[in-house]
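**Q** Read off the chains here:
There are 2 protein chains.
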Amino acid sequence: MEAKKKKFIKELLTKSKARRESGLYIVDGPKMCKELKAYDIESLFVTKNFLESENAASCKNLLESVAYELVTEADMKQLSDTVTPQGIVALVKQKKNIDIKELLSESKDKTPLLFILEKLQDPGNLGTIVRAAEAAGVTGIVMSSDCADIYSPKVVRSTMGAIFRVPFIITDDLCSFVNEIKAGKYTEGVKFNIYAAHLKGAKEYDLLSYIEPTAVMIGNESKGLSDELTGCADYAVKIPMCGTVESLNAAMAAAIIMFEAGRQRRHK
Amino acid sequence: MEAKKKKFIKELLTKSKARRESGLYIVDGPKMCKELKAYDIESLFVTKNFLESENAASCKNLLESVAYELVTEADMKQLSDTVTPQGIVALVKQKKNIDIKELLSESKDKTPLLFILEKLQDPGNLGTIVRAAEAAGVTGIVMSSDCADIYSPKVVRSTMGAIFRVPFIITDDLCSFVNEIKAGKYTEGVKFNIYAAHLKGAKEYDLLSYIEPTAVMIGNESKGLSDELTGCADYAVKIPMCGTVESLNAAMAAAIIMFEAGRQRRHK
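As you go down the protein sequences, you meet chains W and Y in turn.
In this text, residue positions in the first sequence follow this note's numbering: the first is 1, and each later residue adds one.
In this text, residue positions in the second sequence follow this note's numbering: the first is 1, and each later residue adds one.
A hint or two may mislead.
Each pair may be met inside one copy or between any two copies, as identical chains are not told apart.
Only pairs whose alpha carbons sit at most 20 Å apart, straight line, appear in this in silico SDA-like list of lysine to any residue [claimed, not checked]:
1. 31 x 199
2. 31 x 242
3. 203 x 137
4. 191 x 102
5. 200 x 220
6. 238 x 165
7. 10 x 55
8. 31 x 244
9. 31 x 105
10. 31 x 245
11. 96 x 3
12. 200 x 234
13. 95 x 42
14. 223 x 160
15. 15 x 146
16. 268 x 207
Calculated directly from the structure, the hints in this document are not laboratory data.
Bear in mind that the values here come from a model prediction, so they are computed numbers and not experimental data.
Can you make the complete structure from the sequences, with help from the hints?
**A** If you want it as structure tokens, here you go:
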């Protein structure tokens, strides 16, 4: 395998700038790769061992529709950021930033439920939130551009594939976005309820309704939501906690609110 | 610092056998150390830099009541398994396995809510579950002895201190335990509802009541609950999921059920 190509992939694994500039990212392992569409793939790398393993069967469609490059085990180690590479790595095109109108119209008959993330820093948290969002039936995720890079290998891996399925938008101006959906700009005047998850929230999260179009805002792991964004909310909401626990992990807090919303929507 | 002592602490950091045999474990950093009681501490190690830092104030009581050993920065690196040690590490006595009768009578007026963990393997998951359990008002956690070691540094750290406050029991025979509480053996004949979290559960978790004495069983991350333990349950319960998500992370699933139980109990 060419040294230049190896170097490029190394950069995609480690640098968000390289990912942003190239519009590419790395998907690692058969479980995630098998979900890829051929037209999203820029390059596909496999080892001989992988082709001869049981796992190859799960990627059969992919291996038949994409011209892959056979690489040595040693090369594969450099294409993967895991300790034990699984023998298949894809170089994948990033999704275009989807249009908010498109996102909200895609949710058609159902009422939109958005989760809005401000400056979320931990890749594991971000990945877990995307995974939980899909499970809870969240319409889409909106991130400030200073969140952890959703295309970093750790985020991609911890979404367990949900990154391919949950629509998301990255924006430089979260506050304007929130004010726009609040006013019903993209939903023919139908206004959103905006809730800000906040340790000092006045409302308990489970005493609010998530049945109407709703957006829930989750802040940075250590600082929480900015005052500016909290100020955009209809309510600051808290998860009541027993004991002397100061806070829940951000992903946990998000998931608890997501599933409360899901619960209400299933039983409405 | 003595080489022998350093070696012993290294073993406590890395080997559950060393922790089990000595009945000791390591607590790292001011945030956790400040919660320790003097009589729980076997030894306390601090650096000069720590004593001169702002963080020392938060541990004032501890530093005044325990004879600490001053160690060099280089030694501190060996006493901590974190990349940037915070300058204070305690060698702490493990809690005695608390008696189940004691645990259930401690919950006095409130109705017990137990979480039962079978062969949970990931330290981060275990720690997160203990942390969420405190926040959700869970009475106690019961673990099979083949769960990840609750006293491992990673678990201790990810509980964020909840390990000091959430009562827990470790048992070799989870099935007998479950059958005993189910029959009301420790609660003067008051029976427990036993729910098994299961991907193929027939009941949705939020259609069951957690108002009576309740125990919820959570299984191993990849294999789920054993058939034997599932067989002890009154109901196998599932968290309904949208999309093509196969499962939630075990800690996430546990937390969602915990907070549903907490929600029902707050609003009963």
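**Q** Next step is simple, just say for each hint if it's right about the structure.
**A** Verification of the hints:
1. 31 x 199: between (37 Å within a copy, 19 Å between copies)
2. 31 x 242: between (39 Å within a copy, 19 Å between copies)
3. 203 x 137: Between. Shortest inter-copy distance 19 Å satisfies the 20 Å Cα cut-off; intra-copy 23 Å does not.
4. 191 x 102: Within one copy only: 17 Å inside a chain, 53 Å across chains, cut-off 20 Å.
5. 200 x 220: Classified as within; 15 Å inside a copy, 35 Å across copies.
6. 238 x 165: Neither. Shortest intra-copy (29 Å) and inter-copy (22 Å) distances fail the 20 Å Cα cut-off.
7. 10 x 55: neither (24 Å within a copy, 39 Å between copies)
8. 31 x 244: between (40 Å within a copy, 13 Å between copies)
9. 31 x 105: Result: close neither inside a copy nor across copies, 30 Å intra and 47 Å inter.
10. 31 x 245: The answer is between: 12 Å across copies meets 20 Å, while 36 Å in one copy does not.
11. 96 x 3: Close neither inside one copy (29 Å) nor across copies (58 Å); limit 20 Å.
12. 200 x 234: within (14 Å within a copy, 38 Å between copies)
13. 95 x 42: within (13 Å within a copy, 55 Å between copies)
14. 223 x 160: between (27 Å within a copy, 17 Å between copies)
15. 15 x 146: Close inside one copy (14 Å), not across copies (39 Å); limit 20 Å.
16. 268 x 207: The answer is both: 14 Å in one copy and 13 Å across copies each meet 20 Å.
The earlier numbered hints that this structure contradicts are 6, 7, 9, 11.
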